[in-house]
Structures are given as C-alpha cells and as structure tokens.
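First to last, the sequence lines map onto chains A and B. So for the first sequence, this note's numbering puts the first residue at 2; every next one is plus one. So for the second sequence, this note's numbering puts the first residue at 393; every next one is plus one.
For the record, the hints were derived by calculation from the structure and aren't laboratory data. We treat Cβ as the ideally placed atom computed from N, Cα and C, and that holds for glycine. Among the hints, erroneous ones may be present.
Unchecked claim - No farther apart than 20 Å at their CA atoms in a straight line, the calculated lysine to any residue pairs in the SDA-like style are these: (1) B:Lys-559 - B:Pro-571; (2) B:Lys-532 - A:Thr-210; (3) B:Lys-532 - A:Val-234; (4) B:Lys-532 - A:Asp-168; (5) B:Lys-463 - A:Leu-101; (6) B:Lys-559 - A:Thr-96; (7) B:Lys-559 - A:Ile-191; (8) B:Lys-532 - A:Pro-230; (9) B:Lys-559 - A:Leu-143; (10) B:Lys-559 - A:Ala-100; (11) B:Lys-559 - A:Arg-194; (12) B:Lys-559 - A:Leu-101; (13) B:Lys-559 - A:Thr-195; (14) B:Lys-559 - A:Thr-103; (15) B:Lys-559 - A:Asn-97.
As the list claims (entries may be wrong) - To give an idea of the interface, some chain B residues facing chain A are shown, with a C-beta separation under 7 Å as derived from the structure: (16) Thr-456; (17) Gly-546; (18) Gly-560.
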Amino acid sequence: MRIELGSLSELYAVGTRRDFLRLVGLGGALVLLPGLVSACNSDDVTGLPGSGEPVVIDFSVGDVAFLQLAHVLEQLEADFYGRVLAVFAQSNFTTNEQALLTDIRNHEVVHRAFLESTLAAVAFTVTPAYKGLTFTDRTAVLAFAKSVEDLGIAMYNGAAQYLVSTDTLTLLSKIAAVEGRHASTIGDLIAARTGSFAPLETDNLYRPTKVADAAQENLVDKLGFANAPQIFVQGPNGNG
Amino acid sequence: MAERRHIDSAAPTAHAAGAGVGPTEVLDALQLLLQVEYLQSTLFATGTAAADLVPTADAPVFSTLATQSQKHLVTISAAITERTGTPAPSPTFDFTVEGAFPGFAFAAGQYATLQMLAQVVEDLGVRAYLGQIAALATDKTALNTAVAILTVKGRHAAEVRRLRGAKGWISGNSRGDLPAFAQAVYDGEDNTTQGSVNVAGATGGVGDTSATEAFDEPLTAAQVGAILALFVA
Numbered sequence: 002m003r004i005e006l007g008s009l010s011e012l013y014a015v016g017t018r019r020d021f022l023r024l025v026g027l028g029g030a031l032v033l034l035p036g037l038v039s040a041c042n043s044d045d046v047t048g049l050p051g052s053g054e055p056v057v058i059d060f061s062v063g064d065v066a067f068l069q070l071a072h073v074l075e076q077l078e079a080d081f082y083g084r085v086l087a088v089f090a091q092s093n094f095t096t097n098e099q100a101l102l103t104d105i106r107n108h109e110v111v112h113r114a115f116l117e118s119t120l121a122a123v124a125f126t127v128t129p130a131y132k133g134l135t136f137t138d139r140t141a142v143l144a145f146a147k148s149v150e151d152l153g154i155a156m157y158n159g160a161a162q163y164l165v166s167t168d169t170l171t172l173l174s175k176i177a178a179v180e181g182r183h184a185s186t187i188g189d190l191i192a193a194r195t196g197s198f199a200p201l202e203t204d205n206l207y208r209p210t211k212v213a214d215a216a217q218e219n220l221v222d223k224l225g226f227a228n229a230p231q232i233f234v235q236g237p238n239g240n241g
Numbered sequence: 393m394a395e396r397r398h399i400d401s402a403a404p405t406a407h408a409a410g411a412g413v414g415p416t417e418v419l420d421a422l423q424l425l426l427q428v429e430y431l432q433s434t435l436f437a438t439g440t441a442a443a444d445l446v447p448t449a450d451a452p453v454f455s456t457l458a459t460q461s462q463k464h465l466v467t468i469s470a471a472i473t474e475r476t477g478t479p480a481p482s483p484t485f486d487f488t489v490e491g492a493f494p495g496f497a498f499a500a501g502q503y504a505t506l507q508m509l510a511q512v513v514e515d516l517g518v519r520a521y522l523g524q525i526a527a528l529a530t531d532k533t534a535l536n537t538a539v540a541i542l543t544v545k546g547r548h549a550a551e552v553r554r555l556r557g558a559k560g561w562i563s564g565n566s567r568g569d570l571p572a573f574a575q576a577v578y579d580g581e582d583n584t585t586q587g588s589v590n591v592a593g594a595t596g597g598v599g600d601t602s603a604t605e606a607f608d609e610p611l612t613a614a615q616v617g618a619i620l621a622l623f624v625a
C-alpha cells in the first residue's frame, strides 16, 4: 500500500493516520511528495497540482472550449489575488501597491463572473494550487503575478485564431488588452521605470496545450483536452 | 479655421492578381492601424530625440516606447506590403492638436504635455486595435500580429498613465485631466454590457467602476479616423 502525504495537515486527518499506522506496521511504502517540504513553509496549502479529479475541455464544441480555458485561468487569477488581499496586514506591500492589487483582483473577479455567466451550464470550477507560495511576500507574489498575467495574455492571443465568432474574438481581446495593462503594472512594480513593463514588442501566443501544461502547475484538477486543435499558426515570437 | 482633413482608412492600395492578395477589409484594417502607428512612432521618436524634455529617470520607459512603436510601425507596414498593398504615407502631425496644447514644441519644460499626448495616443491605440481585430479574423497571420501588438499597446498605455500618477486602466469614460478633445478616446469605455452579460450586476460585489475598467472597448475606423484627423497639420 502506498500513501502519499502532501501536507502535515493530511498526516493528522483521521483516516490517513489510521492508514499510516497500519502501513508502518505492515512495512508498506510511505511516499512524502516534494510538496510536503515546501508546504511546511507555506502560509497556505490548497492541494497538490494534478492530484484532483480530471476536468476535460472538448474542443470539438468550438468557441465554448476557449471560453472554458479562459475561465480556468481567470479563476486562478481571481483566487490568487484574493489570497494576496486576504493577508495584506501581514505583507510588505505599500498602501499604493495594495490599492493596485485590489483593482487587479476586482478586474479578475469581473472576468471570471463574465465567463461563468456566458458559459452557464457548461462552466466548471477548478481548484488552484500554489505549492508553497508565500502570499505575504512581495517578491514572491509579484513573480507569480507576472507569470500568471503573461500566461493569460499568451492564452488569449493564442486562442484568437480558432474563434469562429468575431463577436467572441472581440470580447476576449477586450479582456486581453486589460491583462496587458495588468502585466505592465506588475512589471513596473518589479522594476520601476525600466523596460520591465513591456519586455517584448510583441506578446506571446501559446497554443492551447502549451497553456494547459503551464496552468497545470497551479491546478489541483487534472486538466485534459479532447479533440485539441491540430494546427496552430505561430505568432510573431514563434514560441507558441 | 483650417479645413479638417480626414484620415482615409481605405487608402489606395496596389493589388496584384494571384497569390498573396489580401481581402480588402484586411488591407483596410492594416492601413488604419498603420496611421495609428505613425502617430505613436512620431510622437515618441520626436519626444526622445528632443533635448532636455524627458527626465533621465523616465528615459528607459520612453526609449522602450519609442523602440517598440517603431517596430510596430515596421511590422504593420510589412504586413501591408506582404499582401501586395502599398502602405499609405504618414501625415504631417501637429501635436498642439489644433491648439489644445498651445505652444507645445517638444521643448524643455514641456514634459507634462508630452505625457498627456502619450496617454492619449496609447489609450487610442488600444481601442483602435480592438476595433480592427474582427476585420483581420480571416487572415490568421495578420490576426496573430495584431493581437500580439494589442496586448503590448495595453502595456504601453498602462505605463504612460502610471508615470502621470494615474491608474493603468480606464475608469468609466473618464479622460481624467486631459483636454476636452481627448474625450472621444474615452467615450464608450463605461460600457458594462459584455456579450449578453451585464457585468455591473455580475461582479460579485466589486463595483461598477471595476466592471468598466475590466474591459477595454473598440473604436470604429470612422471614430479612429476622426480622432487622428485632430493631429494632422
């Protein structure tokens, strides 16, 4: 029998402890996943990436699949910023920075709500995973924010070529433009008044599978695709 | 008052028969975006070249804006020629904007005005690109180029706003402290109906202002043309 422990809290869960004791008595294998070590130092553990239930986006349904993928990322962003806001009292952000991050969180909440409403019955919820991220630490938070904003931009930009409805294309581009404003702000907070706000003259475009690979690192759910697009036209950076 | 010239988004283009000819609406969209790129590139090139205008502390930002705007210009121009169009020429610009900024001459001490102009042209650029995305949808390479530039325009717009002490995003339809001519760049940004969703009602309690900030809004080619015309000498 193999028991995987990702956090100390799991060790103290009744069922797990009983199994643990039986396991030790039987000489079974106890696997401490890498997340356990970092989890001990984390302010919050939400779950290990890919350890949850499978969620599948089926691209044969058309534009809806891209709305679902966008909804996954907006859920991650809204959840992340929400956790940052929740511990401002213990953080080393300035008051002005707190106001900016609050605005960004609000925008992501709006994006998430818009996509959830649009998807209606085919919306699904995901659980983010943060693997030991310290939400009170300005440096760590800004680094994560940069990566998630850049990923969102690459996702929206990469989705454009597949959208059948030009209304949906314009709608998602309107969100993407604001994610550009977010990424710029985060970049400037990381390195003020440098070129950090815009590292490249053209932003990335990622194909959906590249988006999923990156997003999986921060999702408890096992994200999967069915009927993923076979052809992807690269963007100007050629790295999608 | 001088006759107002309009930027013709359907500038004459040379079409060759055979492979590589883009649909008319793709070329028209690219020509309009080219005019926007001329406006931005000229502003930033002139601004960064002017002596004692941009403070040293902000020079890396304006240098980035100038370099990237020029690259956008080259990219859009190339996209036109690749589709056997002829890029329309650049207008001669008047950055006093018909006297809205009287005496502005990229001179020392006029940085505040340069910053206002930067905010106008960058927020305009975001909305101009948004307005042309649908027209490029049939040409995947052109579409990809446009979306890849669009989000960078968003980055530029946020940075120039924040250098002025404003937020990186547009609240309601507010032009802030910009002169009255700039209102056309902000009208419509207070929209809260996104698709079939009233986002002001669906925000989960974060408020109407956030709902307007969360989405940028397209401007039509005609709207962009009318604003561009204000800058033409």
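Structure-based check of all given hints:
Between Lys-559 (chain B) and Pro-571 (chain B) the CA atoms are separated by roughly 18 Å; this keeps the pair inside 20 Å, and the hint holds. For the given pair, Lys-532 (chain B) sits about 19 Å from Thr-210 (chain A) by alpha-carbon distance, which is consistent with the 20 Å threshold. The suggested pairing of Lys-532 (chain B) with Val-234 (chain A) holds, with an alpha-carbon distance near 7 Å, which does not exceed 20 Å. About 16 Å separates the Cα atoms of Lys-532 (chain B) and Asp-168 (chain A), which keeps this hinted pair within 20 Å; it holds.
Between Lys-463 (chain B) and Leu-101 (chain A) the alpha-carbon distance is near 30 Å, which puts this suggested pair outside the 20 Å criterion. For the hint pairing Lys-559 (chain B) with Thr-96 (chain A), the CA-to-CA distance comes to about 14 Å; that is within 20 Å, so the pair holds. Between Lys-559 (chain B) and Ile-191 (chain A) the alpha-carbon distance is near 16 Å, which keeps this suggested pair within the 20 Å criterion. Taking the CA atoms of Lys-532 (chain B) and Pro-230 (chain A), the gap is about 14 Å. The hint holds against a cut of 20 Å.
For the suggested pair Lys-559 (chain B) and Leu-143 (chain A), the alpha carbons sit about 18 Å apart, so the restraint of at most 20 Å is met. Of the pairs offered as hints, the one joining Lys-559 (chain B) and Ala-100 (chain A) holds, with about 10 Å between alpha carbons and a cut-off of 20 Å not exceeded. The suggested pairing of Lys-559 (chain B) with Arg-194 (chain A) holds, with an alpha-carbon distance near 15 Å, which does not exceed 20 Å. For the hint linking Lys-559 (chain B) to Leu-101 (chain A), the alpha-carbon distance of about 8 Å falls within 20 Å, and the restraint holds.
For the suggested pair Lys-559 (chain B) and Thr-195 (chain A), the alpha carbons sit about 18 Å apart, so the restraint of at most 20 Å is met. Between the alpha carbons of Lys-559 (chain B) and Thr-103 (chain A) the distance comes to roughly 12 Å, so the proposed pair stays at or under 20 Å and holds. Between Lys-559 (chain B) and Asn-97 (chain A), the direct Cα distance comes to roughly 10 Å. Compliance with the 20 Å bound is thereby established for this hinted pair. Interface restraint check: Thr-456 (chain B) against chain A, minimum CB-CB distance 4 Å, threshold 7 Å, status holds.
Of the supplied interface hints, the one on Gly-546 (chain B) holds, with its beta-carbon coming within about 3 Å of a beta-carbon of chain A, less than 7 Å. For the restraint placing Gly-560 (chain B) at the interface with chain A, the shortest Cβ-Cβ distance is roughly 5 Å, inside the 7 Å limit, so the hint holds.
Hint compliance for this structure: hint 5 is the single one not met.
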